[in-house]
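Chains H and G, in that order, give the protein sequences. Each residue of the first sequence is one higher than the last, beginning at 1 in our numbering. Each residue of the second sequence is one higher than the last, beginning at 1 in our numbering.
Bear in mind the hints are in silico, worked out from the structure with no lab data behind them. As the structure is a computational prediction, the values presented were derived from the model and not from experiment. Careful, some of the hints might be misleading.
For the chain H half of the interface with chain G, some residues (derived, Cβ under 7 Å), not all of them [as the list claims (entries may be wrong)]: (1) Asp16; (2) Arg150; (3) Thr174; (4) Glu175.
Distance windows between CB atoms, simulated [claimed, not checked]: (5) H/Asp30 with G/Phe64: 38 to 48 Å; (6) G/Asn140 with H/Asn87: 31 to 41 Å; (7) G/Asp62 with H/Tyr169: 15 to 25 Å.
Under the rule of at most 16 Å between Cα atoms (straight-line distance), these lysine to aspartate or glutamate pairs were calculated in the EDC-like manner [said to hold, decoys possible]: (8) H/Lys166 with H/Asp30; (9) G/Lys141 with G/Asp76; (10) H/Lys110 with G/Glu121; (11) H/Lys8 with G/Asp14; (12) G/Lys141 with G/Asp73; (13) G/Lys116 with G/Asp76.
Glycine is no exception: its CB is placed at the ideal position from the N, C-alpha and C atoms.
Spelled out, the chains give:
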Amino acid sequence: METKLQTKVTLENQKDFYQSLYSIDNPFVDLNEIPADQYLLVDCRGPEYCKKYPNLNIITLETMTTAKQFGLSRDQFNYLIDNRVFNKLNWPKISTKNCVIIFDHSILFKYLTVSEIVNELETVSDQYCPSIILLRSSLFFIDDNRLTDRFYNLVNIQIKNYVVEKFYYDTPTTELMIQFKIKNLNDNPN
Amino acid sequence: MSWRSIQLGNNLCDQDQLIINLFQGKPVNYVGNDAEFAQHLNCNPLSNNLILTINCAYWVSDIFKICQEQLTDKIDCVYLSVNRYCLLGNDTNLIVNNIDDLLAQIIRQYGFDIIKKSNTERDLGRYFNFVQPITWAYGNKITN
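Based on the provided sequences and hints, a complete structural model is requested.
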């Protein structure tokens with residue numbers, strides 16, 4: 001379906017637009033509670049997270065769209081995600097070690113279906129092998145079936161080789177948070 | 001600065017313009033949460049023309065309740081829109097296939113003939129989320 005753009009980021013509205021879009025006033029995910037060697041912050045206020053946690057090894061990934069529209073300078077992000085084709089993300093090659101991936105109200109997931117989100121989570125899990133994947137989103141932005149009890153659609157999210165460690169579903173605040181933990185594949189019951 | 005003015009400045013989006021064209025400056029009772037858009041309408045809470053935009057967090061039962069309150073006998077003409085992305089879920093035992101069917105069912109239930117209807121599947125600006133993506137229907141009271 002053709003998408004007709006109705007809004008435009010300009011030099012005049014750029015700052016306000018960014019702040020509204022990325023919900024600048026939302027509380028940060030507490031990275032200190034998730035020990036890791038690296039934190040991959042995907043399309044989610046990366047520069048603000050770096051200021052908040054100056055002692056952590058944070059790697060920020062921004063989409064090409066965000067970098068271009070909001071005029072991010074090269075020192076405001078580490079890697080770009082190629083999102084020039086809608087629903088087809090190309091993830092950058094990054095050498096990772098014991099990393100955690102955070103999607104905190106990431107715009108690149110906005111209006112994706114549950115299966116589309118799962119596809120992307122599986123891609124990043126294959127590519128970066130994180131120990132934890134944390135997905136935080138507004139329920140408004142997840143395009144699942146809203147005419148059933150959608151909780152059951154969301155609890156069925158599964159990522160290969162990962163288990164759900166935390167699940168938070170709150171309709172009054174419209175918050176969804178799912179934390180996945182990598183399975184311990186070295187476990188040997190014998 | 002509001003989210004609307006950040007995104008649109010003083011311009012109107014297509015859906016704004018569509019609503020304005022449907023009512024052509026006639027007095028309307030605007031029921032919705034977009035006070036800035038309401039300024040472009042000839043608002044009169046006593047009007048027989050109703051613009052009902054449901055654009056905040058709600059359950060299916062809320063839609064029924066709001067429509068019951070607003071679609072009174074005195075209404076002759078209605079524009080009803082729902083931002084589907086604000087839907088929290090179906091908290092009724094009714095089986096609803098899609099929002100289009102739900103709106104059509106409601107409008108007919110209250111004695112209106114649907115003149116126009118449509119939906120916008122996706123956020124038209126990727127960010128533009130205060131009136132779209134929406135499903136909408138416009139109808140007149142059936143008269144004998």
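Taking the hints in turn, this is what the structure says about them:
This hint holds: H/Asp16 has a C-beta 5 Å from the nearest C-beta of chain G, less than the 7 Å allowed. For H/Arg150, the suggested interface contact is upheld, since its CB lies about 5 Å from the closest CB of chain G, less than 7 Å. With 7 Å as the threshold, the beta carbon of H/Thr174 comes within range of chain G, its nearest partner Cβ sitting at about 6 Å, so the hint holds. Because the closest C-beta pair between H/Glu175 and chain G is about 11 Å apart, greater than 7 Å, the hint is violated.
Here the CB-CB span from H/Asp30 to G/Phe64 is close to 40 Å, well matched to the stated 38 to 48 Å. Taking 31 to 41 Å as the suggested C-beta distance range, the pair G/Asn140 and H/Asn87 conforms, at roughly 39 Å. Take G/Asp62 and H/Tyr169: their Cβ atoms lie about 19 Å apart, and the range 15 to 25 Å holds. In summary, the hint linking H/Lys166 to H/Asp30 is supported, as the alpha carbons are separated by about 14 Å, within the 16 Å threshold.
A C-alpha spacing of about 5 Å is found between G/Lys141 and G/Asp76, which places the hinted pair at or below 16 Å, so the restraint holds. In summary, the hint linking H/Lys110 to G/Glu121 is supported, as the alpha carbons are separated by about 13 Å, within the 16 Å threshold. About 14 Å separates the Cα atoms of H/Lys8 and G/Asp14, which keeps this hinted pair within 16 Å; it holds. For the proposed pair G/Lys141 and G/Asp73, the alpha carbon gap of about 9 Å is at most 16 Å, so the pair holds.
In summary, the hint linking G/Lys116 to G/Asp76 is supported, as the alpha carbons are separated by about 15 Å, within the 16 Å threshold.
Comparing the model with each numbered hint stated earlier shows that hint 4 is the single one that does not hold.
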